[in-house]
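Undergrad: Here's the letter readout for the chains.
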Amino acid sequence: MFHLLDIIGTMAFAMSGALTAMNKKMDPFGVFIIAFVTAVGGGTLRDIMIGRTPVGWMLDLKYVYVIIIGFVLAIIFRKKFDRLRTSLFLFDTIGLGVFTLIGLEKGINIGLHPVICVALGTMTACFGGVIRDILCTEIPVIFRREIYATICILGGIVFFILREFNLESDVLYLATSLVIISVRLMAVKFKWYLSPLENK
Amino acid sequence: MFHLLDIIGTMAFAMSGALTAMNKKMDPFGVFIIAFVTAVGGGTLRDIMIGRTPVGWMLDLKYVYVIIIGFVLAIIFRKKFDRLRTSLFLFDTIGLGVFTLIGLEKGINIGLHPVICVALGTMTACFGGVIRDILCTEIPVIFRREIYATICILGGIVFFILREFNLESDVLYLATSLVIISVRLMAVKFKWYLSPLENK
Amino acid sequence: MFHLLDIIGTMAFAMSGALTAMNKKMDPFGVFIIAFVTAVGGGTLRDIMIGRTPVGWMLDLKYVYVIIIGFVLAIIFRKKFDRLRTSLFLFDTIGLGVFTLIGLEKGINIGLHPVICVALGTMTACFGGVIRDILCTEIPVIFRREIYATICILGGIVFFILREFNLESDVLYLATSLVIISVRLMAVKFKWYLSPLENK
Chain A
1 MFHLLDIIGT MAFAMSGALT AMNKKMDPFG VFIIAFVTAV GGGTLRDIMI GRTPVGWMLD
61 LKYVYVIIIG FVLAIIFRKK FDRLRTSLFL FDTIGLGVFT LIGLEKGINI GLHPVICVAL
121 GTMTACFGGV IRDILCTEIP VIFRREIYAT ICILGGIVFF ILREFNLESD VLYLATSLVI
181 ISVRLMAVKF KWYLSPLENK
Chain B
1 MFHLLDIIGT MAFAMSGALT AMNKKMDPFG VFIIAFVTAV GGGTLRDIMI GRTPVGWMLD
61 LKYVYVIIIG FVLAIIFRKK FDRLRTSLFL FDTIGLGVFT LIGLEKGINI GLHPVICVAL
121 GTMTACFGGV IRDILCTEIP VIFRREIYAT ICILGGIVFF ILREFNLESD VLYLATSLVI
181 ISVRLMAVKF KWYLSPLENK
Chain C
1 MFHLLDIIGT MAFAMSGALT AMNKKMDPFG VFIIAFVTAV GGGTLRDIMI GRTPVGWMLD
61 LKYVYVIIIG FVLAIIFRKK FDRLRTSLFL FDTIGLGVFT LIGLEKGINI GLHPVICVAL
121 GTMTACFGGV IRDILCTEIP VIFRREIYAT ICILGGIVFF ILREFNLESD VLYLATSLVI
181 ISVRLMAVKF KWYLSPLENK
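Chains as they are written, first to last, in UniProt numbering: chain A, 1 to 200; chain B, 1 to 200; chain C, 1 to 200.
Just to be clear, a hint being listed does not mean it is correct.
Which copy is meant is left open, because identical chains are indistinguishable; a pair holds if it fits in one copy or across any two.
Derived DSSO-like pairs: lysine-lysine, alpha-carbon spacing no greater than 30 Å straight-line [to be verified]:
id, residue 1, residue 2
1, Lys106, Lys80
2, Lys24, Lys79
3, Lys79, Lys189
4, Lys189, Lys24
5, Lys24, Lys191
6, Lys79, Lys191
7, Lys25, Lys106
8, Lys62, Lys106
9, Lys80, Lys24
10, Lys80, Lys62
11, Lys106, Lys24
Quick caveat, the hints were computed from the structure, so don't treat them as lab data.
None of the values given here were measured: they were computed from a predicted structure.
Model the full structure from these sequences, guided by the hints.
TA: Listed below in structure tokens is the structure:
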């Protein structure tokens, strides 16, 4: 179940990356690389920073194949993305929840402090998108108007609070994902966002 | 003493990052991340390249707390930065000296060649700012008109020359910091800078 | 022989980086850093991702010296680059072939899957240029209209096919380099490129 969600999230991230790259009129190689870094960039950055090398996707080809499929689907359906927007958004939100949990888990596994684990969860879920935006020479969208990352931090905090109650790990994971996914859905529905900080 | 200077430098770098991010109209999450990478980005890049993982700030939460304080102060005083410019510049210059020394030391500890140690010192002091500028989609300011990095290289060379005289390590550190800090102050006072290389 | 080609490639990459940086009106420090990352950035990224630290150029100063020479030559001849364009293009193409092979080899040495080895070869040859473009706030040229990276992937595939025939490693290396170099020359001569993917 968790593996299936991981795959859905990876594919959604790859497709969102491919879409951004096509908007920038990149060639197929560029579109593929942007799809790739959007999907695995956050986890790669996390693995590099905690010294878990070779990084994850080099040891498990599943991710490479899923990204290739996402890339091909994005090209085939590239003129129909408007109609697919809702499904893609849902998949992306699943990715957000799952990737945050994976990041949290890697940090816990090597005994890092909860604050750092929350940072790793957020990095895993959000920094693929940051690298995507930088490679497209855009200021990362999550630094400007999406509360995307803030939801991951919230999810991480909820995780560590629930963990105090000695829940089974399945329940803990499910509850955290549900918090992240539902807050994200509400954030978009009710247009919650962080205001820019003006200094002038 | 040295630890205090390290904290002052970290906070000054965090505040300079927060200021840049606010100029770009980022939201609070964006401002925090830019503050964070400006403060620890150079050391993180250094740690990753020499294989010192998990990277420094993951093992010593002091940095996270100092950056949070710097971030909050930057927000509170964001409309008063013009009057604080001189203090901030002084703190930033202290950071330049201390971070260069920390980078040099890490390289020496693992037996790297002095040339590489100087590169690591410069990277520690300057590349947080490079990452900050890239995340704000600006060409890094130190590549264009600041002799910032050149001063770190000079400081590194002075360090290895003085080291030949078998000075005590405290004296060596103090002397190197003073060289970096005083050259930086003079550079700004007398408007020293490197001319761009024109190829047309 | 192979070492000589490695040096030629490194110098060509450093000079191409210096040229790009001078076009952006950077100061000498900026030009040097861009020359440096263009030459060793791909290999550095590869080393970090596979956990081969300290990264290559920190342990073998040859690269630092070659880059310094390339940087100085680029400055001296900066107004004559138009006439040197053909030589520089040839050297750059040699670099493409050699760096792809070096990347493939590092992956094979630690037992990674051929697909990942091809990715490492392409990364070694192409991502120095990607980092160069990002530091100059340009969308990486290889994502837009150069089939540069595609040729490295092709070269990697040829390498693994030829490898099935139990060729001697010298013959294998020579054949792969020749494929990469000749396809690159033909690609430029006959103006082969990948069309952008339009999604509007």
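Undergrad: Each of the hints needs a verdict: does it hold here or not?
TA: Hint check results:
1. Lys106 with Lys80: For Lys106 and Lys80, the Cα distance exceeds 30 Å both inside one copy (37 Å) and across copies (41 Å).
2. Lys24 with Lys79: within (15 Å within a copy, 33 Å between copies)
3. Lys79 with Lys189: So Lys79 and Lys189 pass the 30 Å test inside one copy only (25 Å; across, 33 Å).
4. Lys189 with Lys24: both (28 Å within a copy, 27 Å between copies)
5. Lys24 with Lys191: both (26 Å within a copy, 22 Å between copies)
6. Lys79 with Lys191: Both ways: Lys79 and Lys191 sit 27 Å apart in one copy and 28 Å across, limit 30 Å.
7. Lys25 with Lys106: For Lys25 and Lys106, the Cα distance exceeds 30 Å both inside one copy (36 Å) and across copies (33 Å).
8. Lys62 with Lys106: Intra 19 Å, inter 22 Å, cutoff 30 Å: intra and inter.
9. Lys80 with Lys24: Answer is within; shortest intra-copy Cα gap is 17 Å, inter-copy 34 Å.
10. Lys80 with Lys62: within (27 Å within a copy, 49 Å between copies)
11. Lys106 with Lys24: neither (34 Å within a copy, 33 Å between copies)
Hint violations for this structure: numbers 1, 7, 11, all remaining hints satisfied.
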